[in-house]
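Visitor: Read off the chains here:
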Amino acid sequence: MKGPLDYLARWPLWLWLAMVGAFLYLPLLALVVFSFNDSRRITVWRGFSLRWYAELFDDGELVAAFGNSLVIAAASTIISLILGTLAALLLWRFRFAGKAPLEALLGLPIVVPEICLGVAFLVFFTAIVPWPTELPWPLNLGAIIIAHATFSFSFVALVVRARLASFDGALAEAARDLGAGEWLIFRDIMVPHMVPGLVAGALLAFTLSLDDFVITFFTSGPDTITFPIKVYSMVRFSVTPAVNAASTLLILLTAGLTALALWLQGADIAKQAA
Amino acid sequence: MPDLSRRSFGGLAAALVLDGCSRAFPKGANGEEQRLNFYNWDTYIGETTLGDFSKATGVDVRMSHYANNDELFARLRAGNPGFDVIVPSNEFVTRLQISGMLSPLDHARIPNRANLAPEFVDVPYDPGRRWSMPYTWLALGIGYRKSRVEGVPDSWKWVLDSDRYSGRIGLLAEGDDLIRLGAKYLGHSVNAVTPAIMEQVTQMLIRQKRHVKLFHHDEGQDLLASGEIDLVVEYNGDIAQVMADDDDLAFVIPREGTLINSDCLCVPTGAPRPDNAHRFINYLLDAKVGAEIAKTIRFPTPNAAALALMPEEYRTNQVIFPTGPAMAKSGYGRFQGIGHIRAVEEAITRVMAA
Amino acid sequence: MMLQRPSQAPGVFAAVGLPPVVWLFALFLAPLAVIWAYSFGENRTLVDIAITGSWGNYARALKPLYLAILLKSMGFAALTTLLCFILGLPVALAITFAGRRAKLLLLVAIMLPFWTNLLIRTYALMAILRTEGLINAGLGALWGLVPGLPPFEPLPLINNNFAVVVGLVYVHLPFMVLPLYAALDRLDRSLIEASLDLGAGHLATLWRVVVPLALPGIVSGIIITFIPALGAYLTPDLLGGTNSQMIANVIERQFRSANDWPFGAALSFLLMYLTFAALLIQALISRREGAR
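Protein chains in written order, with this note's numbering: chain A, 33 to 306; chain B, 418 to 771; chain C, 6 to 297.
Please note: incorrect hints may appear among the correct ones.
Unchecked claim - With a cut-off of at most 25 Å between alpha-carbon atoms, the simulated DSS-like pairs for lysine-lysine come out as follows:
#, chain 1, residue 1, chain 2, residue 2
1, B, K472, B, K444
2, C, K108, B, K626
3, B, K472, B, K563
4, B, K626, C, K77
5, B, K574, B, K626
6, B, K574, B, K746
What the hints assert, rightly or not - Covered stretches of chain C (chain B as the covering partner; in silico rule of three or more C-beta atoms under 8 Å from a C-beta of chain B):
#, segment
7, 47–57
8, 244–250
Hints in this document: simulated from the structure, not taken from any laboratory.
Just so you know, even glycine gets a beta-carbon here, dropped at the ideal spot from N, CA and C.
Model the full structure from these sequences, guided by the hints.
Guide: Next up, the structure:
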């Protein structure tokens with residue numbers, strides 16, 4: 033039934049939507065398609081081939097870079113999950129002097145331009161608190177992990193706090209009246225409620241870390257190369273479908289994680305509505 | 418990089434785990450761990466050089482790379498993170514040395530230095546070669562596509578001061594070099610760039626910019642080969658590499674003269690394995706090894722003994738070993754102080770913003 | 006829920022409060038403070054920096070040369086924001102008024118590119134815009150079909166300001182759509198329907214009813230598009246031409262090739278002050294709207 037506000041059914045808007053969709057997706061589609069190109073060129077199709085994917089797995093540097101990216105993302109996700117959840121709990125439960133400035137401060141990592149954070153960490157980790165050199169892997173990734181955790185825990189705090197807003201304090205009160213200690217209340221009552229927020233926050237932090245370029249650009253070194261950095265040097269110096277293949281894999285990974293997050297959110301919303 | 422290309426995914430995972438368990442390298446007769454961290458330019462080594470060195474000495478070489486001298490300097494600025502041998506260009510040998518970031522070389526442990534051509538034994542940027550040994554030398558010039566260019570563009574004018582090839586020119590993004598070449602074109606020495614000359618060059622570049630298609634960071638030869646541009650300011654070795662695949666490409670040293678560089682092997686302060694470092698440098702100066710490297714990277718070698726082993730085609734290649742009056746007017750760039758660096762940076766920013 | 010005072014549960018307060026606050030101060034504010042201090046310093050030698058308290062770096066950063074770059078960056082960011090708004094508003098409208106299933110699908114579709122790595126998205130655009138990229142290849146093929154025309158001259162779609170703006174819009178469009186959608190979604194539809202019933206056309210309704218009501222959301226979208234666009238580094242670096250440098254590129258150069266950390270620090274902080282100014286404007290507008 034077409035109402036006056038049923039914009040989607042009107043062809044001008046539908047066309048606009050389709051054009052914007054094409055604008056957003058065609059380049060990515062072309063990227064994926066040409067990753068299977070049986071030729072060194074990235075714009076002239078010669079035939080279907082998986083050789084670029086094979087070449088990726090043979091490129092030890094790229095594989096190592098990908099490994100680094102995964103480790104950094106995992107470690108920084110764990111750290112930002114902990115810090116973000118604690119921050120969310122602090123702001124949710126307590127009222128104290130300096131709360132408003134703290135909230136503003138917590139929002140800073142999100143708004144500060146990446147380049148400023150990147151150079152700040154560069155200077156910090158080289159001149160002020162030099163990260164020890166010649167550390168075994170994965171400790172040598174520590175500087176990057178710290179940098180990533182710092183800018184992503186604000187996001188996690190945001191997400192978890194939004195989730196906490198729907199927590200019914202009466203349950204905790206009841207448990208407290210029955211004699212349960214703080215830790216027990218937290219573990220058995222609050223955490224289960226927070227889980228969707230924690231999962232969303234974790235996925236968010238993981239993707240932010242995996243994707244980051246600018247901040248990692250400034251804090252990484254020749255022996256701590258991450259996947260986006262390696263792809264950047266490939267884009268700069270040797271543009272072949274191998275770059276397309278590497279990109280496709282990364283797209284699949286982040287798309288997969290996003291789909292997972294959204295599915296969990298959707299399931300949660302459905303459960304709430306029920 | 419020979420080592421890494423052999424690794425499969427699983428093998429790499431295992432290697433990474435082993436690395437993480439701080440697998441100790443056995444100590445050699447010299448009391449140092451049997452390994453070496455080599456910080457070099459990308460693909461600036463022979464195909465089997467590192468592997469051959471390992472086989473000959475038992476020392477495992479791990480090579481990381483940087484894209485330009487500034488990256489090298491920035492990396493070492495706060496302290497040596499564990500590199501044993503580095504390859505700065507001549508001007509940066511000076512910069513590193515005056516900042517106390519280089520260890521003096523022990524000539525007794527580098528007997529192969531006798532292989533060096535006489536003009537490299539004592540150089541203005543490192544008298545007596547106390548701090549460095551030459552690895553390659555290189556000259557900037559104009560690489561061009563013969564079929565798209567009239568005659569031979571043997572003057573800097575065609576890239577710096579003319580609209581004939583508008584929209585098809587690629588310049589070096591390296592500010593310092595660009596300013597120096599501009600000065601050379603205007604008839605001055607590369608090491609006497611006064612503020613007045615800098616201003617002149619800046620104005621010229623600003624005027625020329627609308628004819629320049631892009632500024633490249635050392636991938637100029639690829640852009641020339643792919644047809645993106647028809648003239649490019651690049652190093653002779655880089656152009657020699659792409660000329661091997663494409664007959665339509667050529668290289669010329671402009672008649673006003675040009676900038677000569679030399680990439681040198683140095684041992685940074687705080688190198689964990691200085692003796693291995695010396696052994697490695699000595700190895701690279703060996704005649705056969707030098708010839709192997711030259712065959713792969715196609716840059717001119719300062720190693721006279723290696724040169725003697727190279728095929729005629731390499732020794733007489735006018736691109737790799739340019740000769741002639743233009744070369745007589747060419748020279749090394751010298752470090753001219755922090756103030757000069759800042760002035761160059763500002764000039765380049767002005768050119769880019771115009 | 007009743008908010009507690011710290012004294013009511015000191016152990017818990019310390020447990021949840023200390024780690025994030027300490028981290029924030031030690032590993033976020035401290036590095037920024039260091040950069041701030043450096044902005045008042047000078048290069049003594051190639052490697053030593055002396056904090057002299059001089060305003061020289063800021064003075065230099067405000068010279069016409071750098072001011073012009075800053076203004077150009079703001080221009081790029083503003084143009085990008087405007088284009089994102091024009092492109093994004095209809096999209097947000099369509100999503101808002103779509104059926105439930107379509108809504109979810111469209112939201113995911115808009116967000117998916119956002120979750121893709123910035124570098125990859127920019128690279129994908131490069132392949133499309135290059136001289137032998139897909140657009141030129143396609144046009145060339147079509148051109149070739151018509152006999153008697155002169156040889157096809159590829160369009161200069163990359164390595165210039167045009168490409169940078171296209172790239173910035175491409176990357177930041179999802180940033181704009183989401184807050185717009187969130188604001189529109191909260192609107193009282195009956196108001197819109199009333200306006201339409203009273204005879205106003207769709208565009209008039211849009212302009213007179215929807216936009217004023219959704220203003221805080223619109224401003225939100227504008228701000229979170231403008232700020233990242235202003236500080237963009239990768240897009241001008243890969244897609245830009247000889248005169249497309251933005252402030253982030255200049256900052257990067259100071260730290261990597263110019264070896265001038267104090268000056269780079271001053272430029273970074275100038276960018277930050279601009280960011281804070283934009284946020285302040287947003288806060289003021291939303292407070293004014295909230296008071297209404």
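Visitor: For each hint, tell me whether it holds in the structure or not.
Guide: Evaluated hints:
Taking the CA atoms of K472/B and K444/B, the gap is about 16 Å. The hint holds against a cut of 25 Å. Distance hint between K108/C and K626/B is unfulfilled; the C-alpha atoms sit about 49 Å from each other, more than 25 Å. Distance hint between K472/B and K563/B is unfulfilled; the C-alpha atoms sit about 44 Å from each other, more than 25 Å. Between K626/B and K77/C the CA atoms are separated by roughly 18 Å; this keeps the pair inside 25 Å, and the hint holds.
Restraint check: the Cα-Cα separation between K574/B and K626/B comes to about 13 Å, which is no more than 25 Å; the hinted pair holds. Restraint check for K574/B and K746/B: the C-alpha separation of about 16 Å stays at or below 25 Å, so the hint holds. By the rule of at least three residues with a Cβ nearer than 8 Å to a Cβ of chain B, the coverage given for the segment 47–57 of chain C holds, with 4 such residues. Using a Cβ-Cβ cut-off of 8 Å, 4 residues of the segment 244–250 of chain C lie near chain B, which meets the minimum of three, so the contact claim holds.
The structure does not agree with the numbered hints 2 and 3 stated previously, though it agrees with the rest.
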